[in-house]
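Chains as they are written, first to last, in the numbering used here: chain A, 19 to 131; chain B, 567 to 680.
FYI, nobody ran anything at the bench for these hints, they're computed from the structure.
Heads up, none of these hints are tricks.
BS3-like, lysine-lysine: derived pairs with alpha carbons at most 25 Å apart:
(1) LYS621/B - LYS118/A
(2) LYS118/A - LYS608/B
(3) LYS608/B - LYS586/B
(4) LYS67/A - LYS608/B
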Amino acid sequence: AQSVTQPDIHITVSEGASLELRCNYSYGATPYLFWYVQSPGQGLQLLLKYFSGDTLVQGIKGFEAEFKRSQSSFNLRKPSVHWSDAAEYFCAVRGTNAGKSTFGDGTTLTVKP
Amino acid sequence: GAVVSQHPSRVICKSGTSVKIECRSLDFQATTMFWYRQFPKKSLMLMATSNEGSKATYEQGVEKDKFLINHASLTLSTLTVTSAHPEDSSFYICSATPGPGELFFGEGSRLTVL
Numbered sequence: 019a020q021s022v023t024q025p026d027i028h029i030t031v032s033e034g035a036s037l038e039l040r041c042n043y044s045y046g047a048t049p050y051l052f053w054y055v056q057s058p059g060q061g062l063q064l065l066l067k068y069f070s071g072d073t074l075v076q077g078i079k080g081f082e083a084e085f086k087r088s089q090s091s092f093n094l095r096k097p098s099v100h101w102s103d104a105a106e107y108f109c110a111v112r113g114t115n116a117g118k119s120t121f122g123d124g125t126t127l128t129v130k131p
Numbered sequence: 567g568a569v570v571s572q573h574p575s576r577v578i579c580k581s582g583t584s585v586k587i588e589c590r591s592l593d594f595q596a597t598t599m600f601w602y603r604q605f606p607k608k609s610l611m612l613m614a615t616s617n618e619g620s621k622a623t624y625e626q627g628v629e630k631d632k633f634l635i636n637h638a639s640l641t642l643s644t645l646t647v648t649s650a651h652p653e654d655s656s657f658y659i660c661s662a663t664p665g666p667g668e669l670f671f672g673e674g675s676r677l678t679v680l
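In isolation and in its complexed conformation, chain A is listed as follows:
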């Protein structure tokens, strides 16, 4: 069975500071990995995805994530956070057999001025 763990329920950073959101997954092989962002009352927007190849992937809004097979991790990073980045962030895993996705419990990001 696949699972996703986001260890940090809530993270607060100052505007302009760097950010790292953690994600660990459990899957029998290398799955497809995703990071989504959700603003209150909205659907999910894809930030970035990893299917194969280069383990450092670039996404929208200046985000990047690194796939580390040995650690079963897919951590999200941003070098300088903007106030508009405050939102809920979800890491997700999907099997390569086109099956269902599993989401982590999410990390709430608060940005201090």
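Chain A is fixed; fit chain B onto it per the hints.
What follows is chain B alone, placed relative to chain A:
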């Protein structure tokens, strides 16, 4: 990127009535659609997987007769909450995919049952 449209975005209904939520893939054919329920400050809970032309596969604990899912075409899936009660109030989100890889999400539907 691909667009998934979900309608209505907000709906308020009386207890005992039924409500239908539509999920449409606008620029691709969705072989599979997923329906989720999200409680406040919680993650997405998968309710069911819907494949075009076949019966939906429901997750454990989800009432099939309460949450009717239809996927009649490659671009449309509907979720009908039957005999809605206040405890069914929630944020419902659909996602669609043409196959392996990325899921594309609708904007979500906020259901309030009075």
